[in-house]
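Could you put together the complete structure from these sequences and hints?
Letter by letter, the chains look like this.
Protein chains: 2
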Amino acid sequence: MQIVSTIKEVKHIVKQWKIEGQTLGFVPTMGYLHEGHGSLITAARQENSKVVVSIFINPMQFGPTEDYDSYPNDLEKDRNVCESLGADLIFHPAPEEMYPKDFFTYVDMSVLTEELCGLNRPGHFRGVCTVVNKMFNIIQPDHAYFGQKDAQQLAVIKQMVKDLNMNIEVIGCPIVREEDGLAKSSRNTYLSAIERKAALILSKTIFMGENKVKEGETDAKKLIAAMKANIEAEPMAKIEYVKAVDGLTMKQTTRIKPQTLIAIAVYIGKTRLIDNFIAH
Amino acid sequence: MQIVSTIKEVKHIVKQWKIEGQTLGFVPTMGYLHEGHGSLITAARQENSKVVVSIFINPMQFGPTEDYDSYPNDLEKDRNVCESLGADLIFHPAPEEMYPKDFFTYVDMSVLTEELCGLNRPGHFRGVCTVVNKMFNIIQPDHAYFGQKDAQQLAVIKQMVKDLNMNIEVIGCPIVREEDGLAKSSRNTYLSAIERKAALILSKTIFMGENKVKEGETDAKKLIAAMKANIEAEPMAKIEYVKAVDGLTMKQTTRIKPQTLIAIAVYIGKTRLIDNFIAH
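Protein chains in written order, with the UniProt record's numbering: chain A, 1 to 280; chain B, 1 to 280.
Hints are all accurate, no fakes.
Covered, in the sense of this in silico footprint (three residues per stretch, anywhere, with C-beta under 8 Å from a C-beta of chain B), are these stretches of chain A: (1) 91-105; (2) 159-168.
Chain B residues, not near chain A, derived (Cβ > 10 Å throughout): (3) 3; (4) 197; (5) 220; (6) 254.
For the record, the hints were derived by calculation from the structure and aren't laboratory data.
We treat Cβ as the ideally placed atom computed from N, Cα and C, and that holds for glycine.
Structure follows, in structure tokens:
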């Protein structure tokens, strides 16, 4: 497995692979890899002859008051994870490599970015679209893998690829959870022991909501009220949003139907966590 | 020569060409082709084994009060021009093919779009970047050809390709002029006989400015004042801008040096015309 840090090197390697007729699977990450990322790498490994993982904490997708400076990293561990899961290449650029002096372009979208995380993190999806667009042009994958935990991000990337006619298939992979239910996230590392316990309220509420929908609940207002009440019973939790939205457009919906996304964002202390499920 | 109207068909043809190892030259146009476009197709023909011309009047780059509805077209003539210059494929999509229902993504940039035409045509370069980004992903050219007449557009496209790491070389081609000096433009067709004569003030002013720079003028303020006075002597002309800007960033400059762009936009009656030169 190779680790490269310049765009030129990656393009050179990818060009050779293309000539050889290799199929490329790509897993974009911000590093500090957990089993959620691992499941994406494994999926990429199964479906492609070459697998590229990018590790890049993208400054453009963080707001000025967010955790860019404290975002966790452990390249040595990440390298071992990638190697053990059979990745062929890690692309680990410096911020200046991705955003040199006189960088002016951005990719953004309306509608899908106006609800959920987009509402509370202005500019976040502009940063995501721009960096992923760049990564797609650098790595030119046949398939790109994203976690369903960041449901809005997955929808936004799929929309970008469709709208801009990019020659890439975007594949969403299921949420991976800790044994007790908490969705895997690099940000879980911020939690103290007591916060870690309180954070279970997210997955518990998701499972509760999922059950209600399975049992026939179709009224979004009722479902959301029940989920909110559940979260509010946890003193350490502060709700950012609990919403039911169309799974493609991210527009709020009043009726739960197949493909409706029910998504939550909750602060546990200073740590912002997200979770979701899709109605079937 | 083939003419196709769907993205699917173009992608299918391009995929086959890529497998065969063909090099692709691409000339994006809004049709109503003149010798300026012709020079781009000829350049593409000389430097690539396959040449694609797109003919698409892009609604997204026109403002609400602009000439989208009256923009001239003549597909039959365009087809003959392309055929005679040796193009292999015309891509001529309908607006709904490029912008289907639920189209939300855009590509845009700061700085380069804030002066000159961008100042007076808000949203114009967002439309240009978005459609060209789409076209580049659909056609996947090795080389793309743009006229130097739309100098800011050329700079914007080069910047987009650089910033987004697209695998395309953008090539600017010299302005092509009528015998009397007027820069070729599809919009020249709007001019009445008397306006056509008055429109000569643009090229005359460009040549005058060019001479002054050759003779050693480096003071942008003086040069612009002289050029403005020249245009104002023509009663049918109304200046939109006369500016000297950095050739890469499009930022206004006070000193003329190599690569400074001197650009003008002038209304002749209701017709907006542009012209420019680059200092050497």
